[in-house]
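Visitor: Residue numbers (my numbering), protein chains in the order written: chain A, 57 to 385; chain B, 648 to 788.
Source of the hints: derived by calculation from the structure; they are not laboratory data. Be careful, since some hints might not be right.
Subject to a maximum C-alpha distance of 25 Å in a straight line, what follows is the list of computed DMTMM-like cross-link-like pairs (lysine to aspartate or glutamate) [as the list claims (entries may be wrong)]:
#1 A:382 - A:236
#2 A:138 - B:771
#3 A:356 - B:771
#4 A:376 - B:674
#5 A:222 - B:729
#6 A:216 - B:771
#7 A:356 - B:652
#8 B:649 - A:339
#9 A:353 - B:656
Given the structure is predicted, the values throughout are model-derived calculations rather than measurements.
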Amino acid sequence: MFKHQQSAHCESGVTASMLSHNGLKLSEPMAFGLAGALAFAYIPLVKLSGMPLIAYRMPPRSIIKGVQKRLGLKMNYQTFRKPEQGMDELDRQLDQGKIVGLQTSVFWLPYFPDSMRFHFNAHNLIVYGRDGDDYLISDPVFEQVVRCDAAALKKARFAKGALAAKGMMYYPTQLPQSFDLASASVKAIKANHRIMTGAPLPVIGLRGIRHMGKCIIKLSKDNKQREQYLPRYLGHIVRMQEEIGTGGAGFRFIYASFLKETSQALNNELLAEAAEMMATAGDEWRRFALISSKMCKGRKEMNGEELAALLNGCADLEAKAWTLLKTYR
Amino acid sequence: MKITEVPQDSENSTYGGAHKLIYASDEQGNFTGVKSAGWIVEAEATQAELKLIDQQCNDAWQRASHGETSALEYFMYYRRMDVALLAQTTGLFQWRIRRHFKPPVYAKLSDKLLARYSEALGLEMHTLQQLPTQPLHTAEL
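Same shape as in the complex, but just chain A (with noise of 0.2 Å):
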């Protein structure tokens, strides 16, 4: 019997539900921290809506991949040339009683309402039956399960674009029954702290955050692209942190959540102390989309180097965490 649990986001929630499901109780936040998939990356390369991708988490399928790593699971992951054949493959495997992880667009998924349809190419989901033309859906960021006809899945699984699943399904093979979280999490968290603050470019990690500010307040000096260019792309920085799968302050409650649960199995009052930095990181990247939000609305006067201060204020809270962090043993 399959149990929907929602989650905050898709990979990880995903992730925790697969392996629960499979017999390897996982909370979603172990999931997300034990990949070591907290991150920020500013990629003016790659572009969404014209803006520039900003990530603050690792790239799509390092949670499952990450998790697989860490706990020597077994998995398959299958990509396909014609949608025919990922639906076939599917279908198989759901005749065997598995449940399924698929990565998806959002945008073709009709359950999805219409103010969140945009098009995001690397959405998780688990199928875990089919009735008739509908699969059965367990979409982790929704309440309650959903159902999608097959004709729309097929497009949401083959839909092209950056990111293009290509019909990416995957389940483990193998699990073991337990895991020592001690290791485990001693590996995982020396891992994401290089992650955060090891990396030798300027746009990624903690000297990618202090980044952003500086192409904030760049863009503020510009009298035409203050006015025209920098609320949208404001706009586009809460978006990135808010609501699209890249969901940054989120991702720091779920680490935070994750330290927490693991001081807790451990009894360790580092990560205690650690959990509360960076839930404190968390709340000051809301306090930078409630301003940035004012600012872009008109109603405080767009202040480029208040924006940027608040940045450094976010990557000044997630130092103090990792600094910490860096002594757990």
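With chain A held as given, fit chain B onto it using these hints.
Guide: Here is chain B on its own, set in the frame of chain A:
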């Protein structure tokens, strides 16, 4: 974020009446997933983008009605795409798509090309062939 701070801005929510989950802590620092009915900051950012798309649709509709652009441009915005994304999803170069915005060029489009647009835009070929009598974007997707 504390559990008491989880926003419940349901009035202006862009969640379609549903709730998102967010992790928040109690006074002891224990985290749990809490449902949020919406956050005004997120809603306003999404609505700003939806408003822009609406404007693009209206603008393209007007120009297509006056023969200044082809129906293709309207259908592109209706499907919330831009030229760059339409190029990616059709496999056509951006300059070719812009060329297809010229009404006389679009009118003579081969079935093969029309089929590509049909696939990428998720619209029947016969629908694509002319501007609909009523705009599609005023209804839901």
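Visitor: If a hint holds in the structure, say so; if it does not, say that too.
Guide: Structure-based check of all given hints:
1. A:382 - A:236: It holds: about 20 Å lies between the C-alpha atoms, which stays within 25 Å.
2. A:138 - B:771: Within the cut-off at roughly 20 Å; holds.
3. A:356 - B:771: Not OK: residue 356 of chain A and residue 771 of chain B at ~47 Å, beyond 25 Å, violated.
4. A:376 - B:674: With a Cα-Cα distance of about 21 Å, the restraint between residue 376 of chain A and residue 674 of chain B holds, given a limit of 25 Å.
5. A:222 - B:729: Answer holds: residue 222 of chain A to residue 729 of chain B is near 21 Å, not above 25 Å.
6. A:216 - B:771: Given pair residue 216 of chain A, residue 771 of chain B holds - Cα atoms ~18 Å apart, limit 25 Å.
7. A:356 - B:652: holds, 23 Å
8. B:649 - A:339: Given pair residue 649 of chain B, residue 339 of chain A holds - Cα atoms ~10 Å apart, limit 25 Å.
9. A:353 - B:656: holds, 18 Å
Of the numbered hints listed earlier, the single one contradicted by the structure is hint 3.
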